[in-house]
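Engineer: Take the sequences, apply the hints, and build the full model.
Numbering-wise (full-length UniProt numbering), the sequence shown opens with residue 1 and increments by one.
Keep in mind the hints are simulated off the structure, nothing from the lab.
Computed from a predicted structure; not experimentally measured.
Just so it is clear, CB atoms sit at the ideal spot from N, CA and C, and this is done for glycine as well.
A hint or two may mislead.
[Said to hold, decoys possible] Each computed DSBU-like pair below joins lysine-lysine, with the alpha-carbon atoms no more than 35 Å apart:
1. 63 <-> 198
2. 317 <-> 12
3. 198 <-> 317
4. 63 <-> 12
5. 198 <-> 71
6. 317 <-> 63
[Said to hold, decoys possible] Estimated spans, in silico, between C-beta atoms of each pair:
7. 70 <-> 229: 18 to 26 Å
8. 303 <-> 71: 34 to 42 Å
9. 303 <-> 61: 40 to 48 Å
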Amino acid sequence: MSFNPSTPALAKSPIVLVAPFFFLGTAMVVMKFVLPHTTPLFLAGFRLLPAGLLVLLVGAIAKLPQPQGWKAWSWIALFGLVDGALFQGFLSEGLVHTGAGLGAVLIDAQPMIVAVLSRFLLNDVIGLWGWIGLAIGVLGVALCGLPEAAIQSTLQGNLSLPSGAFSWATLMQSGELLMILAALAMSFGTIIVTYVRKHADPIVGTGWHMIIGAVPLLLLSALTEAGQVSGLNLGDWAGLGYTTIFGTAITYGMFFYLAATGNVTSVSALIFLTPVFALLFSNLTLGEQLTRQEWIGVVLTLVSVYLVNQRHELAAKFAGSSPVVVALREGAVEAATVNSSVHPSVNPSVNPPPHSDS
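Structural biologist: Printed below as a string of structure tokens:
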């Protein structure tokens, strides 16, 4: 079944365009609020399972076809394990050790990883603007995630790290590292979903990937965690409902709707709003504060995300008659024909909207 929205003007509404990023950013804050009263793996699995069931219910109402054949189910299973279990697991564990705002910024660096993966796996074109964005992004993520002592030592020309700056124990307790691992898992999921689309309906495949991803998370929670629900109050359950319904199911639905109305470029250009909302509401509700180094890293990372996501549009906008610029323009046109996915990071000009990062 193909979508044919009767009111495409709705997709141009600023509220509709901004809403999914508001839901994603605030869902990160709500997760941080709920985590002290539950366990991270349970939280990750719980938000996936009901959301997957809701997406499948919508698919059933719309009479979308179920996956057929071992290839379809194999890709969906891999999608669920990587983009569901690993991404949500690292995300929830990372939120235990870092703030919601900074965590959202690091997760939002995912388009940079996708751009590199797409270059080698899907023959996508990064281009001049993309490489500039990647260089800025590496610096931004480093400022967000590396210890201040290591940064200061490097700026002073001392390439030998201070004693104790890095250790296996500190790495395993680093929320920033876990967030980067979550972004890496999401990036591989972005690539995998291009193969899911070849064998199954993307909406139904998305619903099943949530359910499949929830299973190992809930099993691990049952085996390794305790007190998952005993400390939850009414407000916590409401928060879980918000992250599941608004932060996951409704957000996916809005992304698919915007993709169906051809508004993908506008959506991909607004992806930076997710960490902006997360930073704002984490400060207002949780009192989270960033250091000066982290703020510089945040700004650089958001600039990088914009450059990487809009690299093809920027190449076309600044196209001229010089051979170099013409080559950039042709590269942008060539990249516009590369495989699409539910994440615009692979190719914002033709792909459906960005992945939920919370």
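Engineer: Hints first: check each against the structure and report whether it holds.
Structural biologist: Quick rundown of the hints versus the structure:
no.	hint	verdict
1	63 <-> 198	holds (19 Å)
2	317 <-> 12	holds (22 Å)
3	198 <-> 317	holds (32 Å)
4	63 <-> 12	holds (27 Å)
5	198 <-> 71	holds (10 Å)
6	317 <-> 63	violated (41 Å)
7	70 <-> 229: 18 to 26 Å	violated (37 Å)
8	303 <-> 71: 34 to 42 Å	holds (40 Å)
9	303 <-> 61: 40 to 48 Å	holds (41 Å)
Violated hints, in rising order: 6 and 7; the structure is consistent with all others.
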